[in-house]
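Using the sequences provided together with the hints, build the complete structure.
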Amino acid sequence: MTKMLMKEFRLAMHPTNLIFLTLSAMLIIPNYPYYVTFFYTTLGLFFLCLNGRENHDLEYSITLPVRKQEIVKGRIGFAVLIELAQLLLAIPFAILRNRLSPVGNEVGMDANIAFFGFSLLMLGAFNLQFFTAYYKNPDKVGKAYVISSTFVFLFIVVAEALTHIAPFFHDQLDTPDPQFLQAKLIVLAIGSVSFIILTLVSYLISAKRFTALDL
Amino acid sequence: MEVLSIKGLTKHYEKFTLNNVSFTVQQGEIMGFIGRNGAGKTTTLKALLNFVHPDSGEIFFFGKPFSQNEYDIKQRIGFVSGGVDYYTRKKLRSITKITSAFYTNWDETAYHKYMEMFSLDDTKTPAQLSAGMKVKYNLALALSHHAELLILDEPTSGLDPVSRDDLLDVFIALAKEGTSILFSTHITSDLDKCADRITYIRNGSILASEELATFLGKYRSLVFSEDQLTSSMREKLIGLKPAKHGYSAIATIKDAESFGLENLPADLDTIMVHLEKE
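Residue numbers (our numbering), protein chains in the order written: chain A, 1 to 215; chain B, 1 to 278.
There's no promise every hint is true.
What the hints assert, rightly or not - Just a few of them, taken from the derived set where beta-carbon distance is under 8 Å, the chain B residues facing chain A:
#1 F51
#2 D55
#3 Y71
#4 S94
#5 F102
To be verified - Capping the alpha-carbon separation at 27 Å, the derived lysine-lysine pairs in DSS-like fashion look like this:
#6 A/K73 to B/K90
#7 B/K241 to B/K254
#8 B/K254 to B/K277
#9 B/K124 to B/K113
#10 A/K3 to B/K218
#11 B/K64 to A/K208
#12 B/K241 to A/K140
#13 A/K73 to B/K97
#14 B/K241 to B/K218
Simulated from the structure, these hints should not be mistaken for lab results.
Glycine included, C-beta positions come from ideal geometry on N, C-alpha and C.
Have a look at this one:
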């Protein structure tokens, strides 16, 4: 696993995987659909796999002394590290934004604890959709991303709309921290657990599909 | 000692079947795997390492089944499919650094020896290498982890005659040191130069797997005019086809001698061309 991760960082990584991490700073924008930050994370992962296809990454990887599922583990492990890095880097900008401007985000969800919970849920669901579709047919990486990014887009639309139309979201979750801390922490916990479970299921399905694939 | 044993390898596709492929590779021998384009060479080699999944058949490396010993076996073999065509904008040095980390047997001294022997500069990228150098770099990687068996898929395709000859010299030297080599090619003259045995695949089925000299000794080459061609000859000739002045064909030694015509030893190229006409 460590070696595969090293391969991901040293050979496979696309520049946007690092460049897009700087977009965590978008949480400092006073009014913005903050989930878009994590949409860019998913876009970087699409570029990673697209770049891999053009560089014959899988053809290289399968000749190494590793089993096919370890190739999948390395890739999804790398994705998780990038996603968590994006999230962790966003935290200080969220704190800074709320200090600079105590007025809530007019566009949608505030950059608060619940927002990070929902973002984790969104990223976990993306991992499940994107990687399972990608490892079904790695040549059709675009198709895998169309499916998963459509989901991400719809998730953002629904999540932001709920802050305007659903009283629980509007009155409790879309509020500055530390108001309604308990409810927000529950959302964060659910988001974190969902992220772990969805990503794990994604790995299991992806590994099974990739192992069965004729290359 | 058998380093590779394939028994009854079968894989069905919609329009092609790899049918009951069986052959062995012994330690220190160069086995040429020949057949025309689309005969099933690459599919067979890919099936060996489970890149494609055979419907049936058994594959043993060093006496061990591949499926249960994938990690150990991959440590002991080198698979080279043409030249390095991955990460073509990365420096060879970077690719080597990552690749070497996966092999418990990696020998840095051997790596530098082969890089020097092949005149490879590891500050270059694959994109900056010629077709021959790309193959040589892949070979250097395989040899630096002391691969006991090299599986090479058309390593000489696209190389100029001098580069091909250089590469064949390397194969011969490696075989003398005990490395086994299985390499597929449709350039049969390569095998005339270096192969100990050949396995000939046609339309997914193995036509022959034996000593090169034995295989060559089975056939004679004939060139004759239309007047010399009789109906009884037609029945016995293999791959009868028009030639510049008359016809050409091959025949078994016994049949060739019965015709009373001049016949010559057949090389692999001639045998393959005529067998494929059948």
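For this session: Hint by hint, work out which the structure violates, then give me just those numbers in ascending order.
Result: Those not satisfied are hints 2, 10 and 12.
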